[in-house]
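Trainee: Sequence:
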Amino acid sequence: MTEAITNNPVTTTQTPKGYAFSALLEEILTVVSLPEDLIRCVFAVALSIKLNLSPSLWFMLVGVPSSAKTDIVSLLRPLDFVYFLDSMTLNPFASGYKATGNNKTYDLLPELDGKCFVCKDYTTIFSLNEETTKKLLGELVSIYDGEFSKFSPTRGYISYKTSFSHLGCITPAALNQHHRYLNIIGPRFIFYRIPALSAERRQTGFTIAWSPVNRKVALKDLAEKVKSFFDTLLATQPAVFEINDDKSKSRLEQLSLFMAKSRGIVILQKSSFTDESGKDVTYYDVVDKQIEEPWRSLGQLKSLAVALALLDGRTSVSDYDLNILQHIVNSSMPAERADALEYFVDHSDVTAKDMSDIVGKSVRTCQRLLKELESLGIITAESGWKVAKHYSLHTDFKFIQPVPIKSIDTSEFMSHFIPKKPVTEFSDDELEGVPDLIKTDLEQYPTMTDMLKQKYLNLANEIGNESKKRGLHTEALSIQDQLWIGKNVQDSS
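Under the working numbering, think of the first position of the sequence shown as 587, with each following residue one higher.
Derived from the structure by calculation, the hints contain no laboratory data.
Bear in mind that the values here come from a model prediction, so they are computed numbers and not experimental data.
Don't take each hint at face value.
To be verified - Below are the DSS-like pairs computed for lysine-lysine, each with C-alpha atoms no more than 27 angstroms apart in a straight line:
hint, residue 1, residue 2
1, K835, K984
2, K947, K865
3, K875, K975
4, K975, K947
5, K747, K720
6, K865, K939
7, K720, K875
8, K833, K947
9, K856, K939
10, K736, K747
11, K811, K636
12, K813, K802
13, K984, K875
14, K636, K747
15, K947, K984
16, K865, K975
17, K865, K721
18, K939, K975
19, K875, K806
20, K835, K636
21, K806, K636
22, K856, K833
23, K636, K856
24, K835, K856
Model the full structure from these sequences, guided by the hints.
Mentor: Next up, the structure:
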């Protein structure tokens, strides 16, 4: 496994007064039992269109029925830049029908420009007849690139330039049953597969279900709070920042390369021969493969990383963001491949028979999956004197492991003590008052992240230096002493 990523320094924040995403998140989690990082992703995708990020983010939530997918995207309904549809029918984007008399023709595409398009039921779309589904998804491929043109015998030439972010919901069964459609839309969407409920989340869900609170009323109230949150955030006009630190850039490059390879198309042909003992041996030959370049993947991951950071008022990417992106990368490949790769977390020198015994798939299925992953350059094979091929992760992708995404330390993004201007511009009263604002937080030192500790130290140092220049007395030095004592206590425990 690769070296653990250290926290990236945060030098500024754009957190306005009244901005309380962490408080809103806590309220949402009292009504839905969903991973915190999924909620952040949904909000970040909605925010991304207002940031004019390129490429646009198209995000698919993959979860079993009754997993609160619809609940979380429905919280965005009150936003004036969200366009909400339950599903889509034939020719929704640019109809070929010509208006006659009182019968008007409406095209969906111009309605979506500059908005976040939410379609809560892709399962219905994937259940349409094959030709209709392929046509619809084929149009989405063209639309993703920002321009869509078609010719209709009744309306003639129709062309639209449009850009929008997109949220869709689908069940794993529908997605896996129609996996061939992924070859059409796969590279345009990034996916989030909602993990199976842990015992803790299941118990939380039961607690929510038994709550006397009217769920419908609670969701409606939350939706209004979501609107208030976005109104407050967008009023500050958050500025898109560049990702400049080398560690984050390197990690994003690794993830984008892996995502491009893992979404590749492999066409295999099954063959067999009879060995010396008269036993039939089956193997797979690669007929063709197609692996996209990593540029689209990198753009998607960069856009989401920036949106996730700005959602918290940050101007740099954190470890937490990168761990979320890794889960998305793992979710964006075909489910069978993800299952196969998960086996490599605790195993090396893997054979198809080894994998079959553990993951519950047939040996032939495991052979096929391992051959796909080998041809994509994600794993390497070694046979030599061994009868069965032995596989291991390619050295470039040793870092790809399922990452436990822990709840973010919301204290890291508390804003009441972070200066909105340089310390040199503080008044004398502010210089003397700021230390009092942060003293109470020092009691939580053992639970602080390294990033937050460094913020305290830097701020205390700046206040102390500026106070000395002005001949003022502040408690900045004592704050530094308390931080140092706290560090020693923690290190020795």
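Trainee: State for each hint whether it applies.
Mentor: So, going through the hints one by one against the coordinates:
1. K835 / K984: Holds, because 18 angstroms separates the two Cα atoms, which is no more than 27 angstroms.
2. K947 / K865: holds (22 angstroms)
3. K875 / K975: Cα-Cα ~21 angstroms, so holds.
4. K975 / K947: Holds: K975 and K947 sit about 17 angstroms apart, inside 27 angstroms.
5. K747 / K720: Between K747 and K720 the Cα gap is close to 22 angstroms, so the pair holds against 27 angstroms.
6. K865 / K939: At roughly 17 angstroms apart (the allowed maximum being 27 angstroms), K939 and K865 satisfy the hint.
7. K720 / K875: Within the cut-off at roughly 21 angstroms; holds.
8. K833 / K947: violated (38 angstroms)
9. K856 / K939: holds (17 angstroms)
10. K736 / K747: Within the cut-off at roughly 12 angstroms; holds.
11. K811 / K636: Holds, at about 18 angstroms.
12. K813 / K802: holds (17 angstroms)
13. K984 / K875: holds (23 angstroms)
14. K636 / K747: holds (17 angstroms)
15. K947 / K984: holds (24 angstroms)
16. K865 / K975: holds (17 angstroms)
17. K865 / K721: Violated, at roughly 46 angstroms.
18. K939 / K975: It holds: about 10 angstroms lies between the C-alpha atoms, which stays within 27 angstroms.
19. K875 / K806: Violated - the C-alpha atoms of K806 and K875 are around 48 angstroms apart, more than 27 angstroms.
20. K835 / K636: Judged against 27 angstroms, a Cα distance of about 24 angstroms means the pair holds.
21. K806 / K636: Between K806 and K636 the Cα gap is close to 23 angstroms, so the pair holds against 27 angstroms.
22. K856 / K833: violated (42 angstroms)
23. K636 / K856: violated (49 angstroms)
24. K835 / K856: Between K835 and K856 the Cα gap is close to 40 angstroms, so the pair fails against 27 angstroms, i.e. violated.
Violated hints for the displayed structure, listed by number in ascending order: 8, 17, 19, 22, 23 and 24.
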